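J.: Chains as they are written, first to last, in our numbering: chain A, 1 to 362; chain B, 1001 to 1336.
Keep in mind that the hints are not guaranteed to be accurate.
Stated by the list, open to error - Simulated pairs of lysine-lysine, DSS-like, Cα-Cα distance not exceeding 30 Å:
1) 228/A to 159/A
2) 91/A to 1038/B
3) 1116/B to 91/A
4) 228/A to 34/A
I should point out that these hints are in silico values taken from the structure, not numbers from a laboratory. Everything numeric in this text was worked out from a predicted model, so none of it was measured.
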Amino acid sequence: MKVSFAHLGNVYTYLEPYMLSLGADVIVPPLTSKRTLDIGVRYCPEMICAPCKLIFGNYVEALERGADTLVMLGGWGFCRLGYAIRGQQEKLRELGFQFEAVTFNLLDAQADLVRVTQFVTKKSVLRALGAVRLLIDAMRSVDSIERKALATRPRERHKGDTDRVLEEALLRVRECRTNEDLQRIRETFLPRFDLVPQDEPEDILRVALVGDPFTILDTFFNMDIERKLGALGVEANRWFWLGDAVDLTFPVKHWLGLSTASVAHRAASRYLRGDIGGFAYSTVGQTVLLSQTGYDGLIHMAAFNCTPESVAENILLAHEAHSPVPILYLSFDEHTSSTGLFTRLEAFTDLLRRRRRIKGRQ
Amino acid sequence: MRVGIPRALLYYHFYPMWRAFFEALDVECVVSPPTNKKILANGVQRVTGETCLPIKLYCGHVVELADDVDYVFAPLVRTLGSNEENCPRLLALPDLVCAVIPQAPPVLAPEIDLEKGPRGFAAAVLGLGITFSRNPLRIKRAADCAVDVYRRYQSLLSEGATMPAAIALLEQNGRELPVRPESGEHGGGRNGFTIGVLGHAYNLYDTYVNHNLMRRLPSLGVNVLTADGVPAQAARQSTEQHLGDTYWTFEYELVGAGAYYLERRKVDGLIAIAAFACGPDAVMLDALRRLAQRYHVPLLGLITDEHTGEAGLVTRVEAFVDMLERKTAGRGVYMA
């Protein structure tokens, strides 16, 4: 079995060791690039959102490199990607590829993790448990590494230092095969971020990113927004971290109403009665929560034409007067320009700094 | 008491039923006028550009009603069956209305989720009726009356009436269509070929947006079939057969009806109408295209938005009909 999957940020760095531990051959598709986008645009329905097109491009590039099994993102409730999957599978077969597919639903992550593991592994359940332990550890390690990078980058004295540490750390994660490897990676690299020469400028801003997970995680699609923000002296944070999705205490916490999801949903319930698909309910809730926890501003990021997120955007915009902090709404598609994005971020950070100065004087 | 019903979105599917319910509780129903320039302009202002046109129109219709009524009726239709869910924008409809039209009167928004069974439905209806009557028996009678009217509406549609015609007929309390047309109330059919027009009712019957498409086709000599002619169960089965599973509440209007007509070879061509920025329709159009290809039936996809020009739309439809005429005239010649 030669397994492959689509890209979702740095997820490939731990999916690869995980699948290898399950005894599968893994083919990591090339990092999402212009070619990936061109393939997606060529074969996907025009009006579908760009993430679907990029994901399709990843599948093609994986199959071109010999994959025969695809873990496909989608499933019930997971926005129209769940519906598009059938079309994607048919199209891939029309293009002449032969493969087996298993779906993975981010909204049902824990159950689907079990299902995908069972599908891929030929080893005993006990050996599979070991792989899952490795996966969870790796996810949490990557989260810690990325968080460190987000905190260090706006403070670095020499541009690029943080990213060098980040890239090396991620490379090591990809090579890990045991939990001890990960322990060593954490012990080596997390302190290295602290060793990067840093200054503490007075006007460091704190901004939270909300919106659909694909746009937040995929650096090709979001034009490396976290790096751009770092260059503008902004410490960014994301509304979710993938490691939290595999928190094994989640079901209990959720039942008790204490999970981040339940807390967010309660915050959203004033503006949105219930779940409407995708991550809109969480987006609205997290925007409400994060706007009250000391951030200077929020950035809402979504793919152009993402239906649930456009509803969230409409509702949040209508209640803008209630927001204690400014929110920038960014829409991404295959035509988004890197320069245009940077200009808007610059203007937003200028606004946030001016606001801070005015408040400081009051 | 006056309840406003916007002439948009699910009005076409359910208005006779809603009207019967409210009138049985002595509540006056006020429907907004047909879409016009002012309504469209008001609606477009309320939401972001990315939002689909049907929602923009709905907002415009609510604004039109806002000053005239005590309540606006905007139900939250979550599911109408099992294994399906409605589009995110329709699920958020009452919340959207409250958010973007703050001057709207209080919104009545019962949650209709048929997966919760008859009890769930009864609770929703009771919750709605209580605004107007303290007597649960009276509310139940009103609901029964509404369901009765809905059945009559459905039977008129399955006999070939268009939705607007059936609505008009029920408003006048008629019992039968005045004339039994040969090939459906849509008329036409002189040229001897049939086109399936697939799309949500609110895209088919809002004449301002689609420039009266549903009247143009018969005048071009075409026999028109729509999703209304397809029994619900059959549409579901066709969808499951071709796609493996149902997914959206109003999927039957496009994919279900399309598959049904294609399987039974009842159509010479298909026209599918979708609104720009409609998430579900974007993928459904693709599924329809593949289905049509499988059956070698030509498909014309029309995307509508607030900028859709009459000339462009008419030209495309006329060209499609011309092509079909040529194709049927030379039967046996395959034209891709």
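J.: Hints numbered earlier in the text: which of these fail when held up against the supplied structure?
T.: Violated hints (numbers, rising): 2 and 3; every other hint is consistent with the structure.
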